[in-house]
Amino acid sequence: QFVLTQPPSVSGAPGQRVTISCTGSSSNIGAGYDIHWYQQLPGAAPKLLIYGYTNRPSGVPDRFSGSKSGTSASLAITGLQAEDEADYYCQSYDISLRGGVFGGGTKLTVL
Amino acid sequence: EVQLVESGGGLVQPGGSLRLTCAASGFTFNNHAMHWVRQAPGKGLEYVSAITSNGGRTYYVDSVRGRFTISRDNSKNTLYLQMGSLRAEDMAVYYCARESSYGSNWYSDYWGQGTLVTVSS
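Top line first, the protein sequences correspond to chains A and B. For the first sequence, this note's numbering gives the first residue as 1, with consecutive numbering after it. For the second sequence, this note's numbering gives the first residue as 1001, with consecutive numbering after it.
It is worth saying that the hints were derived from the structure and are not from the lab. We put the beta carbon where it would ideally sit given N, CA and C, even for glycine. Fair warning: there could be bad hints in the mix.
Claimed, not checked - Listed below are several chain A residues computed to face chain B (Cβ distance under 8 Å; list not exhaustive):
#1 46
#2 48
#3 52
#4 102
#5 105
Said to hold, decoys possible - The following residues of chain B were derived to be distant from chain A, with all beta-carbon distances above 10 Å:
#6 1001
#7 1009
#8 1011
#9 1026
#10 1030
#11 1040
#12 1052
#13 1054
#14 1055
#15 1073
#16 1088
#17 1091
#18 1100
#19 1107
#20 1114
#21 1120
Said to hold, decoys possible - Within a straight-line C-alpha distance of at most 27 Å, the following computed DSSO-like cross-link-like pairs (lysine-lysine) qualify:
#22 A:107 to A:68
#23 A:47 to B:1076
#24 A:47 to A:68
#25 B:1043 to A:107
#26 A:107 to A:47
#27 B:1043 to A:68
#28 A:47 to B:1043
Just chain A, same shape as in the assembly (with noise of 0.2 Å):
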């Protein structure tokens, strides 16, 4: 089991706003570690996505967008586009296991 919590699918028309929410726990979030999220494209390397669960490094689209509630995350990602197809992983860090983890990630299918 992952310690971070992700659902294993999401799916949208193109044009629809989807969310892909992230759960941690006392010992990651509620710790006060952040949450950042990478996006992996069919036979890609992962890319970094959204850092500090709301930062969007230079080049990333302003379709996507993080937030933080609680002991989760989430990643809105609005105007959905088939580019926009491909794994998306929370990641951050564990107190208990003293190292970066990551959710089990998501897949995207844009209908």
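We have chain A; now place chain B onto it with these hints.
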């Protein structure tokens, strides 16, 4: 432009050894901690190992501790992962990633293209 290029993957028998290399360019290598992250076929991402910018501290996930050794040569802008006593469950694509940090938080902001390690007899 930041570039990370992994090499050294390949087919190895169970119990064998392999050394992965990550050549870095486009940034000041000795200013950044570095990570190795792996992804088994059809599975998610897993942090395997990390090393601080000066090589003074290292981290290993429990499943590889004692079998893998991470190191770096800042004079050559190169990161290494020496892998020993390889098992079937070590088979994965191994990515090299650069760490950026703020406060006590860190994340992997640049990734290499990955190198495939296949463990099979």
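Legend entry - Violated constraints from the hint list, given by number and in increasing order: 18, 19 and 20
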